[in-house]
Structure formats: C-alpha cells, structure tokens
Amino acid sequence: MTLDLEMAEIAKVFFQESREGLDAMEAGLLTLGATADSENINTIFRAAHSIKGGAATFGFAAVADFTHGVETLLDEMRNGVRPVTAEAVQTLLQACDCLREMVAATEAEQPLDQGRIASLNLDITNILGERPHAAPAAPAVSAAPAIPAAPAAPAVPAAANGVVAAGWRINFEPVADLLRLRNEPTRMFAELKRMGDFTAHADVSRIPLLDALDPESCYLSWKIELAGQIPRAALDEVFDWVDSGCRLEIIPTGEAAPIAAGPAAAGTPAPALSTLPTEAIKPAAAKAEPAAGAAPLAAVPAQRPSGEPNSIRVATEKVDDIINLVGELLITQSMLCGFADGINPSDLDRLRQGLAQLARNTRELQESVMQIRMLPISFSFNRFPRIVHDLSRKLGKKVELKLVGEATELDKTVLEKINDPLVHLVRNALDHGLETPDQRLAAGKQETGTLELSAFHEGGNIIIEVRDDGAGLNKARILKKARERALIAPDQDLTDEQIDNLIFMPGFSTAEQLSDVSGRGVGMDVVRRNINDLGGHVQISSEEGLGSTIRIRLPLTLAILDGQLVRVGKEVYIISLLAIVETIQVTKQLVNTLVGRAQVFRLRDEYLPVVKLCDQFGIESDRRSAEDGLLVVVESDGRRVGVLVDDLLAQQQVVIKSLESNFRSVSGIAGATILGDGQVALIIDVPGLIGAAMKQSGAAVTAHAA
Amino acid sequence: MSTVKSKAGADKSATETSEQYLTFMLAGEEYGVDILRVQEIKGWDKVTRIPHSPDYVLGVINLRGAVVPIVDLRRRFGLETIEFGPTTVIIVMRVAGARNERTVGVVVDAVSEVYNVDPADMKPPPDVCGGVDTVFVKALATIEEKMLILLDIDRLIGNSIAEDAATAAA
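Here the protein sequences come in this chain order: A and B.
Numbering that gives the first Met the number 0 numbers the first residue of the first sequence as 0 and each following residue consecutively.
Numbering that gives the first Met the number 0 numbers the first residue of the second sequence as 0 and each following residue consecutively.
Don't read these hints as lab results, they were simulated from the structure.
Any given hint could turn out to be false.
Below 30 angstroms or equal to it, Euclidean Cα-Cα: the simulated DSBU-like pairs (lysine-lysine) are [to be verified]:
no., chain 1, residue 1, chain 2, residue 2
1, B, Lys-122, A, Lys-569
2, A, Lys-411, A, Lys-444
3, A, Lys-587, A, Lys-569
4, B, Lys-45, A, Lys-569
5, A, Lys-694, A, Lys-587
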C-alpha cells in the first residue's frame, strides 16, 4: 500500500486522532488506580486498538507493532487474566509517552528512538511473561523503520506476516449495518482485485421481499476466491475496518506456505488477530465500538461515534477571517446608528427598529462566531492528573488532585498560552506548597494533601484558581528574602497581601533547596509576565499552615475587549475595562507635586503617580495640569497609576486590530480598533504605560538629585 | 481615478518587456512607482496619530478594516510641508518589509500618469548626488523629455519602518 496524496491527508487525521486516543488512554490509566474498572480498561483498550488499526492501515509498522504489545497487556487486564498493578500502569503510561513521541516522529518523518522503544517493549514483554508471540515484536520494530511509504507493513505481529498462501477463500458476511457505517464493499473488493486473481460470488438468499427491504441495509454476503501469493496480513488489512461488523472467514487454499498451517490456531492466544471470527462475531464488541466516544476511530470519518458532542476541526485562520468580517459588520452597524441619530426622527422609527434588530443580530452573530474559538479548559486541565501523578511519586508526597469547572470555556489562544504558567504553578504548589506525609501528620493534617484546580466565569473574565492545603507561604521568610535582595526598602511596611505577592518579583525564590521540579528563582515573575501579556492578572493569597490560593484572572478572548473610550484633546483612546480600578474627578487639594515636576494624587491612604497622556503621547490636551481633569486609576502588576484624561466617553466592546501587521509595535499602545465613525482609535497598553511612567519619574528624580 | 486608467490605455508605446509605472508629483518633481505595487488611490482623509513614531508617519487610517499607516512623502524626503489640497491623495501600496509585506499609504501632492518604461531606458542614479541619499532611487528614466524618478519603495518605506522599529526597541 502506498501513500498517495489523499492518504497523506487522511494520515493527518490519524495523527491527530492518535494523540486524542493517547490522551484518553493516559486519562484512563491515571484513574485506573487500584480498582480494575472494566469500563475504564475497555476505554483504554479501545483507544489502543484504534491506534494500532490506524497505524497498520497507514503502514506505520513500528507504531502498530509497539501498540500491539500494549494492547495485549491491556487485553489481559480487560479479561481479568492479569491484575492491574501499579508497575503495569506505570509502564503503560511510559508506553503512552513513547507512542506519543513515535507518532510525532512518524508524522515528521524522523527516525524513531529505537532504544527507548526496545526497552519499553522489553518491559511490556516482561510483564506479559514468557509468551512466544511477544518476543519477536522487538526485533520487528527495529527491522521496520517507520517510513510512511513502507510497502505492506501490516498490523499483525511478525509471526503472522509470514503466512502466505497460494490462494485464499474468503467468506465475507457483513452485518446489515455495513453500509450505514460507510464501509464500501466494492472498494474492498477493488483492493483485493489488485492483489491477485479475484472471483466473488454474491449470496443473495438473505434479500427480503421488496416491501420489507431497507435500502440502506446490506443483505448480501460474498464468497471470494483469491488466487496468488498473498500474505495473510494484506487481507487482514483490507478487512481491518469491518472486522467488528461482519462474519469473516479467511481460509488458505492450494499449497499453503510452510507457516500458513492455520491462522486460527496461531491466532487464538494472540488477541492481535482481532480479525478472527472468534472475536469478530461477538455482537457486543461491534456495538461497544461506536458507543465509545473516547476511542477515536482513526482515519475512518464515517465511523464517527454518535451520541458524543460533535466537534469540527477548523483552521484557526478561517475562524479569524470570520471574526474580522463580523467585526466589520459591527462597525457598519454602529456607523448606521450614528447616521440615524443625526437625522430628523419623525419618520425614522422604522429605520431605528431595523437598526436595533441589526444590532442584536450582529452581536449574536459575533458571539456565536467567537464561540467557535472557545474551548473548554479541560484541554489544559486534563494534563494535570499525569503531571501530579508523576511529580508526587518523585517527591514522595501524597496528593489528591481535584479539578473543578473543567467545562468552562475560553479562547483557544488564551488556553494555549495559559498552559505553561499553570504547569509552573502546579509544580510549585506540589514542590513548595504541599508537605510530605510525615510533615502533614505532624501538623495534624490528613496525610494526603489536596490540590484543587478550578475555573469559572466572573463577569466577562475567566478565573482560574490553583489551591493547595499545604504549608502556605512563610511571610517572615519572604520578607527577609526580599530585604536581603533589596527588592523592598529595609524599613518598608507591607500588608500580608503585599508580602505574599512579593514572590512574583523578578529574582525571587524562597526554596531552600533547589530541585529539578521548581525553584530556580526564575519562576513566578515569568508566570506573572505571561499572564500579564494575555491581559490578565495574577494574585496569591496564603495562610500559613493552611495553604495558598493563586488566582488568575484572564480575559475570555484576545480578539475583543471591553473598553472605556477616553478623550484627550482631539484624540480618542481606549483603556481596557479590566485594567481600570476606578475613575475620579480630581480636586485641587488632592494633587501634589513631587520634586517640582512629577505629580501625585492622594487616593484615600495612597499616593498615586499621575500619568498625563498628553505628555506621554505628545498631544494637545484641554488642560495642562491635573487639577481639574478626570483621573482613570489603572492597575497592572499590582502597581497603580492615575491616568489623566479630558473626558470619559462610551464603554464598548472593541475588536482588537494589530498595529504591527502594517506598521510596527508602538510603546504604550497595545493595538488599535475601529470606532463606529470609521476612525481608528488606539488601545492603551496599560502595563507598558505604567512601566514608562515609572522609568520617567525615576529618571526625573535621579536627575534632580544628581 | 479613471484618468489614470484611460491614459494607461492610450499609451501606445507598450511593449512586452516594458514595466508600467504610476507617477505622482511631489514638490514639482515627478516620481514613479511600480504599478503592480499600487493597491488603490484614495483621497486624503483624517488620520489617527500614533505616538512615538517618526514625524513622516502621519498616523493610521481604517482601510476596510485594516489599520494602515500613512507616510507623508514630503516629510520623508525632508521637503517643506504644504497644506493638503484637493489634489492631495494617498497612494496605497504593498511594501515588502524585513519580515512581512505591509500595506502602507503614501501622501503625495497629486497623481500624474501611468507610463510604460522600457528597462533599457532606465539609468542608474549617480552615486553622489549633491548630498542626497539615492539608495531608494531605483533608476532615473526619461519619458517625453521629462525625468522620472523611479522609487525603490521597499527601501524607502518598508525598511525604514522596520529600522525605526529596531531603534525604538533599543
């Protein structure tokens, strides 16, 4: 079988679905634990089986062979022949990792890590015990490199490959559902025809009378004679996708090749030969397959499991195009609304009504289009059981991981970018937060610590919390460290909250012992920066002895934001509502100058630096002093400044457009958007603005001091 | 811009090898840009100013949903600025930058003609030219006894935006 273009296209689906299958296997294995839940093992088994079948179909012999060993082990567990031991689960988890790498390497057409594959194969073989069929699997792997175009690289183990007969007689009795499952017998026959001299006799005896005939059912069965030196494996491959939906007998005819004595006899102990009638005719197996939503049926889109939520794979670019278009629609709509406001309203009521409807429609359309990009956070959360499992073993800690609100949806881009920071936070919580079982018992807590990952929506934002019931942050130590490293002034008084949040300062790490898990002092500040880059916000609260909670607030999407329009002189800027703490009318007595030039504003018990947008951006403002303007208090990284503007305009959702695509990035500006009147307005980069203001005021003060 | 099109059609010196140039006026001189780079020509419209940008970048406009920077070519060349009048237009072009292709609008005094220029008629600009940097001049061509300054638009605008970005970041 060679890979033509179409096959390569389908192979892509296989790679994707294999990954999903591996994720399902991993998730299943992690919950397997001590109890051998048969439904769970079945799910894992089916995922492995699908990967094997798919790999064999595409001629990825190494993947298929390797999965075969895994599948054999799983099959024995499933049948209760073999107990589910922690070691076996560990080996299977490693096998998942290995398979993941193999799939990636095969997709990239890169060489496989033969050493690792062989050693894992050996592990699996050892677990399986001395079984004749498992041993040859390892040499078969090294002998057959995973070149996609490798001809006739079949799924079945090496032993069965040799079964070559001078001819075959095939009794093929499909179930009535064959066609509904989108299997096409004529295609299979065409494939067989290519292999040798093909004669088929259709058995029409099962066809009912016309009024009882269901046009979508298959009533035919076939007796096929196939002459030629054809390996048994090649036949198995043809029938691979229908094996669970038919009664299939493959009998060698003529002078059989030496090893071809009897495939049925050779196959009985090896579950790999799943095409054998023994398994194939079990109706339960046939039904279980489509019902298993978790088991991806690689490369046969027609066999989609029903009942599970349908999903589509859409190229992100296409979705982005739609989002842009919808953004345009919104602009047009607000432009029209602008017109309507200006015209005599006497006979324009209907126009207004229409516009109101247009507004509603466009908003709904925009929301539903945005939904396409939304993915449940479980995509990210699902990796954590494995991470926690591995880490807690390594650290000798007992941890129970709780996942809450996995169905909470957020933008794909945000989801992808939040993953690494989350992993970091979880590692930190495990390494530094949670104590060892002994310490916990000594502290009067339960031996097993709890780590909770939760996600929920809160007013247009998504909140992700990482909570542990560990030791909490040691405030005294943090304070000491911060003073040592001169991160704060020696005599500076800080609230508990401020102390906790010191750990987000660059160059801060309280870990007394460096480990390869976390604690190199480059962690939390990077986490915070990543989250800030997403327009989000991170905060920690902790109680000594009781645990810590890290709270991440993120915008749901990076494509639109809720903005406050502000006016400075003739220019209109947009400030993200997320960054705005409050807006205050400035009164004279609350504004003070510092070293003659810098201005500060007294907000309750705090002095805020005043940033004048007109000075920052070099534009004309209505007023030059802060004394009678409006102060928008914005916050980023826990730092607050007051931004002086001339007027507050509307609040609206804006579609974020890149300045960089045609121009370049501009300091203090996060992007641009198009307002209802068609004009471009710039979106203020609050962290950038605060950073620039801090730098400037610092420079000004030092310049004066010098 | 129908006038541009009709003149292009009327030009009978079109040959297989010749390249078409859109020419425009700037302080009495006639400049040409490769017509294949020109996306559209539109009237002067209000721009949104961009802080921390070179003075020749007047701002950005909304071009059917895309945010497009507008470069004042007079300022880019250090010529004296004039009040924008009814003939002032923005030529929107595709410009190759260091990393990607950008859409940039260029403000000129007026559009002029579309000429077919035979590559054989293009002469390299003199290296030293009275203190004027000629790197962004692709060639000088003579058409109807007039000198056309054919611009290398990528050097003139694409690279300058990228370079400035690099210096701004530093």
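Now the hints, each set against the structure:
For the proposed pair Lys-122 (chain B) and Lys-569 (chain A), the alpha carbon gap of about 47 angstroms is over 30 angstroms, so the pair is violated. Distance hint between Lys-411 (chain A) and Lys-444 (chain A) is unfulfilled; the C-alpha atoms sit about 39 angstroms from each other, more than 30 angstroms. Using a Cα cut-off of 30 angstroms, the hinted pair Lys-587 (chain A) and Lys-569 (chain A) holds, with the two alpha carbons roughly 24 angstroms apart. For the hint linking Lys-45 (chain B) to Lys-569 (chain A), the alpha-carbon distance of about 12 angstroms falls within 30 angstroms, and the restraint holds.
Simply put, Lys-694 (chain A) and Lys-587 (chain A) have alpha-carbon atoms about 26 angstroms apart, close enough for the 30 angstroms limit, and the pair holds.
Violation of the numbered hints given earlier is confined to hints 1 and 2; the remaining hints are satisfied by the structure.
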